[in-house]
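For the protein sequence lines, the chains are A and B, in the order given. In this text, residue positions in the first sequence follow our numbering: the first is 6, and each later residue adds one. In this text, residue positions in the second sequence follow our numbering: the first is 6, and each later residue adds one.
FYI, nobody ran anything at the bench for these hints, they're computed from the structure. You may find that some hints are simply not true.
Identical copies carry no separate label here, and so any pair may be met within one copy or between two of them.
Straight line, CA to CA, 30 Å or less: simulated DSSO-like cross-link-like pairs of lysine-lysine [what the hints assert, rightly or not]:
#, residue 1, residue 2
1, 111, 164
2, 224, 164
3, 223, 187
4, 60, 256
5, 256, 14
6, 26, 283
There are 2 protein chains.
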Amino acid sequence: MTAKIIKSKPFVEEIRAEIEKEIENLRTKNLPPKLSVVLVGEDPGSVWYAESKAKLGQKIGVEVEIHRLAEDSPEDDIVSLVEGLNKDSGVHGILVELPLPGSLDKTRVTNAVSPEKDVDGVTATNRGYVLGGQEELALVPATPLACIELIERAGFELKGTRVTLVGRGDTVGRPLAMLLIKRHATLTVCHTRTVDLAAECRRAEILVAAAGFRSLIKKEMVSPGTAVIDVGVNETEDGGFVGDVDFEAVKEVAAAITPVPGGVGSLTTTLLMRNVLKAMQLQGLP
Amino acid sequence: MTAKIIKSKPFVEEIRAEIEKEIENLRTKNLPPKLSVVLVGEDPGSVWYAESKAKLGQKIGVEVEIHRLAEDSPEDDIVSLVEGLNKDSGVHGILVELPLPGSLDKTRVTNAVSPEKDVDGVTATNRGYVLGGQEELALVPATPLACIELIERAGFELKGTRVTLVGRGDTVGRPLAMLLIKRHATLTVCHTRTVDLAAECRRAEILVAAAGFRSLIKKEMVSPGTAVIDVGVNETEDGGFVGDVDFEAVKEVAAAITPVPGGVGSLTTTLLMRNVLKAMQLQGLP
């Protein structure tokens, strides 16, 4: 049996329809949502991500302003820019494109963003709300949110389900672990030090791969009936992208699988825009 | 074979010796460590905990000042008191005894504490550092720390080890999950919605019970060779305390087991005092 391919496109459209209604409503109240993106240096990935946010913003009615700073900008200048954006009541969301050029203190720069404008969910405060299970107070990072939306909108049950999550990074694995536990999954977290990764993956009813290693999850690691969510984005030699899952082989055995591209990653920019609207709520707007 | 009983007493003594040296050093620099405890109402558990902190403080040289407020104190008064303590450079650690009387907003009161004085590790900021794996920046709550110290000082390896954690509360389970992942455990988190709790427990090389249910972990749920860490503190009819593990039965099968009392709980006050010293470091002292 070949797995059902879970593309995110229909869910992207669903969620956009939900937020476009809200954006229209805010515009009639003279509160056009605005996102400020801080882009330091010329990292091609970061430039591409920033521009794709601007493009989507234009499409759905969120103003996206990109602040481009030179690679060698002093840390204090970046922090000052962020602090100015914090104070600007016309700016509702702020994000600093990562990775930052090498010498900059990522913790200091990201924590300079006011928590209620931190639409990337990278400040200690928002992470703390996620740890505490207080998602209603938090801006949750878009990628873990995208995993949850894909799983739930595709009709998979998390309550009481055995989920194996491969990966424990600070932007996806760790916050996603908290979201999964809150939704009552029985969760196993694996990583590079896990002794028998294949066995842990085979136990999973839902397997989430968020390790950042191309073809880490092979056919023999997946049981029939498992739903496989691939969060990986790994560049190939020809400039394309593949996930953490050996897609062609695993789709022969899994019950369902998300593609890369066209899966988790394609949902994130839309969920980032939804975070701008949530940020406005947290700021008491309208 | 009967399990090795892992009492915390020798580790309590080890850690006290470590911190007493540091306290002496601080006193010679005219920086006597000081902890302020805010105690609202007359909850007997809270009164007992506050007094046991004062007692230990007196023994090892940390000044513990208890601020007693009436049960019906307005929330604003409590927050004002905390804000005053934040500003007082002679106070290095602040904690608000929980639970607070019913009508008070726990999130608001606990987050009023300045993160670098939050020795209970309950502010969103400290929780966020724990989520992000940035323990060096964090004040980590004493109970999850006590589990880690007990496991490591008793000589058990966490790296690559299959750990099953039963419980996902915001003060123990969730932060402890992050600490275990950081120490390279392959971690499974179980809770009330887990379908086959016995099977998940039997898989564990180390089993941590932090659910808050008396006798939840029974003999048939534990495999020979497993080390069992009991975080539960459940009151009995006669006013005593028992853990989450059916101690008498489980000790017949486990390789090692921590008692209640005399296990995890007996380490926490000492680790709280260590947090006062870490708080001073975070404040740039000496």
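Enumerated hints in conflict with the structure, sorted upward: 4
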